[in-house]
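**Q** Following the hints, complete the assembly by docking chain X onto the known chain W.
Those protein sequences? They're chains W and X, same order as listed. For the first sequence, our numbering assigns the number 827 to the initial residue and increments by one for each residue that follows. For the second sequence, our numbering assigns the number 827 to the initial residue and increments by one for each residue that follows.
Hints are not guaranteed to be accurate.
Copies of one chain are not kept apart here, so a pair can be met inside one copy or by any two copies together.
[Claimed, not checked] Think about it this way: if two alpha-carbon atoms lie no more than 30 Å apart in a straight line, the pair counts; the simulated DSS-like pairs of lysine-lysine are:
{"id": "1", "residue 1": "Lys1145", "residue 2": "Lys1074"}
{"id": "2", "residue 1": "Lys1130", "residue 2": "Lys1070"}
{"id": "3", "residue 1": "Lys1069", "residue 2": "Lys882"}
{"id": "4", "residue 1": "Lys993", "residue 2": "Lys959"}
{"id": "5", "residue 1": "Lys948", "residue 2": "Lys959"}
{"id": "6", "residue 1": "Lys861", "residue 2": "Lys1070"}
{"id": "7", "residue 1": "Lys1164", "residue 2": "Lys854"}
{"id": "8", "residue 1": "Lys840", "residue 2": "Lys854"}
{"id": "9", "residue 1": "Lys885", "residue 2": "Lys1164"}
{"id": "10", "residue 1": "Lys1070", "residue 2": "Lys854"}
{"id": "11", "residue 1": "Lys1069", "residue 2": "Lys885"}
These are computed hints drawn from the structure, not numbers from a lab.
There are 2 protein chains.
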Amino acid sequence: MIIDVHGHYTTAPKALDDWRNRQIAGIKDPSLMPKAAELKISDDELRESIANNQLKIMKERGSDLTIFSPRASFMAHHIGDFQVSSTWAAICNELCARVAKLFPDNFIGAAMLPQSPGVETKTCLAEMEKCAKNYGFVGINLNPDPSGGHWTSPPLTDRYWYPIYEKMVELSIPAMIHVSTSCNACFHTTGAHYLNADTTAFMQCLTGDLFKDFPTLKFLIPHGGGATPYHWGRFRGLAQEMKKPLLKDHLLNNIFFDTCVYHQPGIDLLTKVIPVDNVLFASEMIGAVRGIDPETGFHYDDTKRYIEAAKTLSADDRKKIYEGNARRVFPRLDAALKAKGK
Amino acid sequence: MIIDVHGHYTTAPKALDDWRNRQIAGIKDPSLMPKAAELKISDDELRESIANNQLKIMKERGSDLTIFSPRASFMAHHIGDFQVSSTWAAICNELCARVAKLFPDNFIGAAMLPQSPGVETKTCLAEMEKCAKNYGFVGINLNPDPSGGHWTSPPLTDRYWYPIYEKMVELSIPAMIHVSTSCNACFHTTGAHYLNADTTAFMQCLTGDLFKDFPTLKFLIPHGGGATPYHWGRFRGLAQEMKKPLLKDHLLNNIFFDTCVYHQPGIDLLTKVIPVDNVLFASEMIGAVRGIDPETGFHYDDTKRYIEAAKTLSADDRKKIYEGNARRVFPRLDAALKAKGK
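Looking at chain W on its own, in the form it has when it is part of the complex (with noise of 0.2 Å):
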């Protein structure tokens, strides 16, 4: 089985965007702003969005199942208040659940959160609750700077963040680090923001202590790392320099890295350096980049040919990329999967 950890509903039907924007027009004039029930997005328009888009392509390329978020650069949790991202995220997962509903087989959820700048983190428990327990999604998506792109927020080592940090223990499941759009004009949301996001994400894990606290928190860092396994030597040292234990004993039973990079090297780069047993197949199609590269004649996201081409991989280490280590990252996802007999 290949399971993809890292996709989001990036192909939802126009009308989400069209109440979306209606939302942002009622943070001005409150007049204008749309109920909930309002929204309205028949099963079969989500049908056609994913069986034409995700599905069609994950049984081109040879994926099987996908944990779907929604779409994170337009979590924009910089937009409004609370209130705002609360509404906007319960109707986003709720989409994915309705996904995963209709698509048992191939889709299976994570949340994003209602986080919002400056407000207490505690505030997104009962929507993670909610989706864990009644959505029975398996993950979710940390924002480590819900202001997009200004990182007004502490570090995610910070106990801002610990009552998320409980609640993840406690429902057995991971995050995934993701950043939303940036409205930082320096960063390009897709370019820089999003590997710098997950940069820092690992830097921040790196100089603090935070699995001392939670020895069972997972994270996984998207996008390969960012820049981490290019860089691992660099990380290397500097953990040496601030005496801290070495890297696989401080941060790899605890931080995992996705696939998501866009071309052989560094994909035979991120399974030379970081060990097997770290690295969860994914390709967050359709994203950010959806084109085909001419140099190889594929998409730049298909990024299973990279896996299967990688030269120092075996066969085993090829089924815990797959599969065995998203099961072990995601054990809602492994229970979820062992009910119906797989």
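**A** Same frame as chain W, but now just chain X:
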């Protein structure tokens, strides 16, 4: 000849620190503000600080000449106003000029600029001119985020920066794009902010068309380009979606990467993915990562070993990385060497 294009004066005598601390105290209480002339460091002190540190290591590792600029993390352009930055930059640049004069075969200067957040960039031109013409400096370090991790300046493609670019073109000097210390708790200075800035700068250039306005402008992106080479497929794909030319045509006549990547797999990827003409030897020693890698028994920042061991490189490639590319990117360096018959 082996030229290290990325060295900072990280070992300056303690008197420099003391003076800076007095200057910072003087921001709040002008009665404490020291005069520049109150900093007294003798030639012997300078000699000692270099001969026992950078020069000793250069001899041990087999490099000949270092492009030497003030300590990057101490530029701290966010501290004080333009006057504070201006005095500090002048002092730091003068010390590097004195080092270059004391060791003319081993060091040649590159300038820090008296940047200050929100201040017009034309205020940097006099220092640039002085350093190039009076001190024989061959480059500058340009800080894309003088706020120190808050990213309040416009992207490098904005006209805000054009006065500096016009002067760079006039003087035939390239800029290393190098941030300074982070005063944002989210970003560890050398483990996150530096690498993020490298990635950010590259993506800003990718998004814009700066090099149409300045076809001869040259940027050196340090630390192996941050996340850029590791995600080269992502960047190629993003450029493609934006209908930009191929990266080699869009950016690689103007953007170069150094080799400050502190492990073999990183250098292997860099030299495989980035055309050899765009890679310049550098170590940034004595810098962020000073320890010995227990996996190799050698210093992490002994990057020459990785270049020597990179299997895809020919002897000619190495000559370009060690010398030829630096002479091309830094024309004033080439001229200075030729004037000495080198």
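**Q** State for each hint whether it applies.
**A** Status of each hint after checking the structure:
1. Lys1145 / Lys1074: Within one copy only: 21 Å inside a chain, 36 Å across chains, cut-off 30 Å.
2. Lys1130 / Lys1070: between (35 Å within a copy, 27 Å between copies)
3. Lys1069 / Lys882: between (49 Å within a copy, 26 Å between copies)
4. Lys993 / Lys959: For lysine 993 and lysine 959, only the intra-copy Cα distance (12 Å) is at most 30 Å; the inter-copy one is 62 Å.
5. Lys948 / Lys959: Within one copy, since 17 Å is at most 30 Å while 59 Å is not.
6. Lys861 / Lys1070: neither (50 Å within a copy, 41 Å between copies)
7. Lys1164 / Lys854: neither (48 Å within a copy, 65 Å between copies)
8. Lys840 / Lys854: Answer is within: at 22 Å inside a copy they meet the 30 Å cutoff, but 55 Å across does not.
9. Lys885 / Lys1164: Answer is within; shortest intra-copy Cα gap is 22 Å, inter-copy 62 Å.
10. Lys1070 / Lys854: neither (49 Å within a copy, 37 Å between copies)
11. Lys1069 / Lys885: between (48 Å within a copy, 29 Å between copies)
Hint check: violations occur at hints 6, 7 and 10; the rest are consistent with the structure.
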